[in-house]
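Construct all of the structure, not just a fragment, from the sequences and the given hints.
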Amino acid sequence: MERSTLQAINAARAARRAAAVVTDLSDGASQVFLESASFPPEWDSLIVEALRSGRAGVATVEGRSLFVNVHLPPPRIVAIGAVHISQALAELAAVAGFDMTIIDPRTAFATVERFGAVELLAEWPEDILPSRPLDRYTALAALTHDPKIDDYPIRAALEADCFYVGALGSRKTHAARVERLGQAGVATDAIGRIKAPIGLDIGAASPAEIAVAILAEIIEALRRRDPTGGVGGTR
Amino acid sequence: MSKEPNILEPLEIAETWCSDGRKVALATVIETWGSAPRPIGSHLVIDEEGNFQGSVSGGCVEGAVIAEAVEIIESGTPKVLEFGVADETAWRVGLSCGGRIRVYVERIDG
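So the protein sequences, as listed, match chains A and B.
In this text, residue positions in the first sequence follow the UniProt record's numbering: the first is 1, and each later residue adds one.
In this text, residue positions in the second sequence follow the UniProt record's numbering: the first is 1, and each later residue adds one.
Derived by calculation from the structure, the hints in this document are not laboratory data.
Remember, predicted model here, so these are calculated numbers, not experimental data.
One or more hints might be untrue.
What the hints assert, rightly or not - Only part of the chain A face toward chain B is listed, based on derived beta-carbon distances under 8 Å:
| hint | residue |
| --- | --- |
| 1 | 6 |
| 2 | 7 |
| 3 | 25 |
| 4 | 131 |
Backbone N, C-alpha and C define an ideal beta-carbon position, used for all residues, glycine too.
Dropping the structure here:
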């Protein structure tokens, strides 16, 4: 593989664009193709299918043995709320291989002192998300308890088809949330996709344990989704 | 934190190593049969001294892949390696899970 090919793959990942790499196994020549570009006619169906399904594999085309690898955008977590749980989640997310961004308009919460190097945006979600859109490879965790802050990004995440949408709060809090979202016109099946109370039920008590439960639920959502369905694909 | 290479992303590590002037090979799982431990497309990145990151088998055959990769860094000729549970003639290592995998190993050039 040429170093320029490697750089092109990593650039596509950084730009959150899906890419396919076709390698001719007889001579090692490889080429990178980005989603929504035009592909060589003889490889077109192969590349389109790989990008759609997210599945890599070997195929024989016109007598040549080709390996098609697929690189879907790396999964990331957007947490709403610079709270104690997000401090723990930021550390765990990095270990598990997720990029993470924290959004909280409350500047007293969103301090570098509390969050170190993790990306921290002290803005209202409705101000920042239009320029940094959520996508199908993003997990959203709404952690403020405050409808003024949480409701907008939850709706945005459902519209963007995020692979995971979780919201902190008791069953009672969530029932009120369901009521609000319904009145705002969000479809019932979309509301049903919200994981609440957030996190796998492992009896988590401390903020760090709740972060583990949330991360585990995010990983489950990522790894068990239908690769042929509307949501993302396998990686 | 977000500027550091993701520990689970060997391709970013490969690029970093290239930038550092290290000679680098990339191993990729291209086919699997049975209960292979790592999916198709999984990467292992190796440098000329045998340092590595990533995984093609969950630890079963990495040693053999790394040894081959160090030679491929010298020769520049890519190779397809095959590992299976009963394949003792070609390789002394195998997959205890009973699966079979093919791994493509190539040098990063340029």
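Verification of the supplied hints:
no., hint, verdict
1, 6, "holds, 5 Å"
2, 7, "holds, 6 Å"
3, 25, "holds, 6 Å"
4, 131, "violated, 17 Å"
In terms of the numbered hints stated before, the structure departs from hint 4 and from no other.
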